[in-house]
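**Q** Here is what each chain is made of, one letter per residue.
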Amino acid sequence: MADETLSALALSVRVAVLATLANAVVGIPLAYLLARRRFRGRALLDLLVTLPLVLPPTVTGYYLIVLLGRRGWLGAPVYAATGWSITFTWYAAVMAATVMALPLLVRTARAAIESVDRDLEKAAWTLGRSEWRTALEVTLPLARNGILAGLVLAFARALGEFGATLMLAGNIPGKTATVPLAIYTAVQTGEETTALALVAILTALSCVVLVIAGRLGARAA
Amino acid sequence: MSRLEVAGLAFGYHGRAVGRDVSFALEGGEVMCLLGPNGGGKTTLFRTILGLLSPLGGTVVIDGESLAGWSRPRLARVLGYVPQAQLGVFPFTVREVVLMGRTAHIGPFATPSRRDVALAEATLEALGVAHLAERPYTEVSGGERQMTLVARALAQEPRVLVMDEPTASLDFGNQVRVLSRVRELAARGIAVILSTHDPDQAFLCADRVALLHAGRLAHLGPTAEVVTPATLRETYGVDVDVVTLTREGRPVRVCVPSLERSKA
Numbered sequence: 001m002a003d004e005t006l007s008a009l010a011l012s013v014r015v016a017v018l019a020t021l022a023n024a025v026v027g028i029p030l031a032y033l034l035a036r037r038r039f040r041g042r043a044l045l046d047l048l049v050t051l052p053l054v055l056p057p058t059v060t061g062y063y064l065i066v067l068l069g070r071r072g073w074l075g076a077p078v079y080a081a082t083g084w085s086i087t088f089t090w091y092a093a094v095m096a097a098t099v100m101a102l103p104l105l106v107r108t109a110r111a112a113i114e115s116v117d118r119d120l121e122k123a124a125w126t127l128g129r130s131e132w133r134t135a136l137e138v139t140l141p142l143a144r145n146g147i148l149a150g151l152v153l154a155f156a157r158a159l160g161e162f163g164a165t166l167m168l169a170g171n172i173p174g175k176t177a178t179v180p181l182a183i184y185t186a187v188q189t190g191e192e193t194t195a196l197a198l199v200a201i202l203t204a205l206s207c208v209v210l211v212i213a214g215r216l217g218a219r220a221a
Numbered sequence: 001m002s003r004l005e006v007a008g009l010a011f012g013y014h015g016r017a018v019g020r021d022v023s024f025a026l027e028g029g030e031v032m033c034l035l036g037p038n039g040g041g042k043t044t045l046f047r048t049i050l051g052l053l054s055p056l057g058g059t060v061v062i063d064g065e066s067l068a069g070w071s072r073p074r075l076a077r078v079l080g081y082v083p084q085a086q087l088g089v090f091p092f093t094v095r096e097v098v099l100m101g102r103t104a105h106i107g108p109f110a111t112p113s114r115r116d117v118a119l120a121e122a123t124l125e126a127l128g129v130a131h132l133a134e135r136p137y138t139e140v141s142g143g144e145r146q147m148t149l150v151a152r153a154l155a156q157e158p159r160v161l162v163m164d165e166p167t168a169s170l171d172f173g174n175q176v177r178v179l180s181r182v183r184e185l186a187a188r189g190i191a192v193i194l195s196t197h198d199p200d201q202a203f204l205c206a207d208r209v210a211l212l213h214a215g216r217l218a219h220l221g222p223t224a225e226v227v228t229p230a231t232l233r234e235t236y237g238v239d240v241d242v243v244t245l246t247r248e249g250r251p252v253r254v255c256v257p258s259l260e261r262s263k264a
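Sequence lines, in order, name chains A and B. At position 123 of the first sequence (counting the first as 1) the number is 123 in this note's numbering, and the numbers step up by one without a gap. At position 1 of the second sequence (counting the first as 1) the number is 1 in this note's numbering, and the numbers step up by one without a gap.
Hints are not guaranteed to be accurate.
Here are the computed lysine to aspartate or glutamate pairs in the DMTMM-like style, where the Cα-Cα straight-line distance is at most 20 Å [as the list claims (entries may be wrong)]:
{"no.": "1", "chain 1": "A", "residue 1": "LYS122", "chain 2": "B", "residue 2": "GLU157"}
{"no.": "2", "chain 1": "A", "residue 1": "LYS122", "chain 2": "B", "residue 2": "ASP207"}
{"no.": "3", "chain 1": "A", "residue 1": "LYS122", "chain 2": "A", "residue 2": "GLU137"}
{"no.": "4", "chain 1": "A", "residue 1": "LYS175", "chain 2": "A", "residue 2": "ASP3"}
{"no.": "5", "chain 1": "A", "residue 1": "LYS122", "chain 2": "B", "residue 2": "GLU248"}
In short, the hints are calculated from the structure, not lab data.
The following block holds chain B by itself, in its conformation from the complex (with noise of 0.2 Å):
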């Protein structure tokens, strides 16, 4: 199991800070949730915690090491990645894109090997969608993509995910089932922090949940604390009531957003 630590960190574009002063601890076997509004950072706090873009301070650790100057292949075996699924540009078949998944663990000037093969027809097995190893990528659903994206983070073997609203652009149905392996991904042991634009979501998958607003890391904490009617009124300048339902026994929060309150 692993741990990442975020610690005062400063992220944004071409030296001007997008947020700062953002620190947390994300351990194994762990889902965070990282809740704001649109424009806050959260696309530019996950690529800079992927290395994409450098941090203008502060550091990202992993199991106590800076990732500060990693190779992209030892990198990518410990933090994987699953973007918004978006159309896709090459009609690879899906089981070519979950194999772009074992990149970093191929050698260099090496062809996947059978194991590599079998591991990603494990993993489309197990999210259950084996059916679609055969079909371009850029012909199936939406949700579908987003299935093989997860698919291909899974190939990966990473420690940490990070995952970018994997349920934006899905449809009900796929949405609780993304979420659903997410909560299994975790189970495993895996580190798992998203973005989601959903405070339900958070409900739903979450032990924990991070507020980022307007760049800093607002609220941090156990979803229960975090996910309440002040603080969406705060972040999102509407009135939401959080109302606890009983479901099998064990209570059950879901956000109730109120209309009328919210005109103004």
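For reference, chain A alone in the conformation it holds in the complex (with noise of 0.2 Å):
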């Protein structure tokens, strides 16, 4: 295989091992205070959240380049005080799979906590376990398998990532061009080989990726 069909399955790899990190990391927060808590601006939070999934990427793309480019509301400042910009960086394919995959993690993860029997938490507070430490000892590890399924579909997700990466970070070979964007370039210039190559690895890690998040979803249910 050519260098840039390896590089772009590491680059492939790292970008969605990387955004569903992110992904617990931001997601799983955002699942349980979308699932347990009321607040003011939850409805807002839970619209932005989900949008990604609806929207055409190259929109959510269009959006991260508004927010995040060197001209962007946060881009900007970022761009006058450091000279560095995420755009055109692997680093933007992280964020692109990131806001991408997040719907799928905090929805799915969102539906196993509510599934937790409320009971269990307040018996937990009346015994004196404050309500975070709660979310972590007993919420979180019965919501358990449905995390993880949604942290699985994440990194699904953000493996075949396409159209918001093409937007914020670019199709540069062996720097921003992950799988997808290497199998898009390849058709485009005729190899037809790579192109197959490429295909065949994404489909496979696909099937496997959906094989271990329906048995999760299954232990969940």
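Join the two chains, each given in its own frame, into one complex according to the hints.
**A** In structure tokens, the structure reads:
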């Protein structure tokens, strides 16, 4: 296999792993908040998290540019202060994959958390456990399989992310070209065997991930 | 000894009041029985006192300090709760369930000390259920589960104890055994408030009775003054005679409902 094919594979795995970790850090607390707390702006937060699921990925990518680009709301001050911008770096691919995968984790984990018997949490409270320790020691362990299934789905989504990545990170071979982008390039330039190999690898990986998610989901139910 | 004070409490779910204007005070060593028909708000009142629901108005005060804003560990060191005995989800042993009563006394990320285990054992011993220690909570009888929950609350060493229908679903013998434990707890200086459906239980164990009807404290006072044919008629819509017997030279009251007169 060509160097660029291998580097696309390595990049894709790295991006998907980091995006999944970011999802765990951001998504699990979000899922808990949406499942268990009533607060102002909850409906709006729910909407924002879910939106990437229904928007065309290019639209999500466009919003990310508006937010993080060199002239973006957050990107401009960072660029002014450091001369660095996330756009067209592999970090941007991680960011795009994270945002695109987040709704899959949050929705799955939230459903799992909502199905935990609230009386078990209240029992912990009346025995003197604080809410956050109850969440860590009672709620999340009981929702474990649903959360893991959500993480697996998020990993799969991150692995296959194309549109938002192209918008924010570009398609720079060896730098930001993940497998889906490399497939696109291969097809455009007529490298049929490269495209076929990458497609086969991505299909096989996705099948494995779906089987794992299915098993976790069955155990959660 | 501690004093629980409930002042002008309004309580309910999602901002809709189930009950309002509930005020009473309870001293350490005292047993108060909460009577009232189904749906009258007894459980909701308890959940509000325990801080599981935010009050819609008024305050819950222990020893002069409002409980609003107390952390769970601090609250649990003062206020114990005996829920209705349920089947149980996890097959913890009875000893482990009782040991959970020590949660609020054990530091963060510490495990129960030898003293905690000894206290749990002693509590089981005192309630006469030490032989159950190794049995799974999910496999003991209803009465034994209720005793386990009482033991758990005692291991918590609370100064105020809230018991939600501790005799519900128990057979006659276990009901009497639980009530006699309730008197013992009060004798140790704990303030006990318990709900029940049986006014006779109030005669047996309560110093005072609060009658919660349609979300309001309809009557509050010494048991003999509150539990009368008139108040029972008003609350439950049935005809009852209250009969005084003499046992060992002391008067004992019992309720005898009239099935004939209660038909209408």
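**Q** Indicate, hint by hint, whether the structure satisfies it.
**A** Hint check:
no. : hint                : result
1   : A:LYS122 - B:GLU157 : holds, 19 Å
2   : A:LYS122 - B:ASP207 : violated, 30 Å
3   : A:LYS122 - A:GLU137 : holds, 13 Å
4   : A:LYS175 - A:ASP3   : holds, 12 Å
5   : A:LYS122 - B:GLU248 : violated, 44 Å
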